[in-house]
Amino acid sequence: MSQNDNLFKKIMRGEIPSSKVYEDDDVFAFNDISPVAPTHILIIPKAPIDSLDELTDDDATTAGKLLVAASKLAKKLGFSKDGYRCVINTGAQAGQTVPHLHLHLIAGRDFIWPPG
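Our numbering puts the last residue of the sequence shown at 408; the count rises by one with no breaks.
Hints in this document: simulated from the structure, not taken from any laboratory. None of the values given here were measured: they were computed from a predicted structure. There's no promise every hint is true.
[Stated by the list, open to error] Cut-off 20 angstroms, straight-line C-alpha distance, at most; resulting in silico cross-link-like pairs (EDC-like, lysine to aspartate or glutamate):
id, residue 1, residue 2
1, K364, D318
2, K301, D351
3, K368, D318
4, K338, D297
5, K301, D317
6, K301, D318
7, K338, D350
8, K338, D317
9, K368, D316
10, K338, D349
11, K301, E315
12, K302, D342
[Stated by the list, open to error] Label-pair distances were calculated between CB atoms; the ranges are:
id, residue 1, residue 2, range
13, R377, D345, 19 to 29 angstroms
14, W405, D297, 34 to 44 angstroms
15, K368, D317, 15 to 25 angstroms
16, D345, P407, 17 to 27 angstroms
17, K368, R401, 11 to 21 angstroms
18, S311, C378, 17 to 27 angstroms
19, L369, S326, 12 to 22 angstroms
20, V328, S363, 17 to 27 angstroms
21, T382, W405, 14 to 24 angstroms
22, D349, G400, 33 to 43 angstroms
23, D345, W405, 32 to 42 angstroms
24, D317, D342, 29 to 39 angstroms
25, D349, S326, 26 to 36 angstroms
Even glycine gets a Cβ: it sits at the ideal position worked out from N, Cα and C.
Please build the complete structure, drawing on both the sequences and the hints.
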């Protein structure tokens, strides 16, 4: 599959509808269609990065912007004081189903550690 054909690229181009909650020059964020908590947002880089394993030193700013977007959204949506979880699944065994780096921002319920 070409990087231009993956699900998240189609969402960013508007070919697949989504509930966008944040966008800037480098990052796009939208509500997950199969949420695992009351708040479940996917934050993705606009750059074509397949997974965390594909990051290079040149991608450090982009990777940091994913975390900054998570922090901004947590504050904007009002759950930063109660707590939230940021998850990046890398590879099939970890649960990555779309070949595009993405951060899950999850909030609105109690979590356990370690996660299952």
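**Q.** Numbers of the earlier hints that this structure fails to satisfy, in rising order
**A.** Hints 23 and 24 are the ones this structure does not satisfy, whereas the remaining hints hold.
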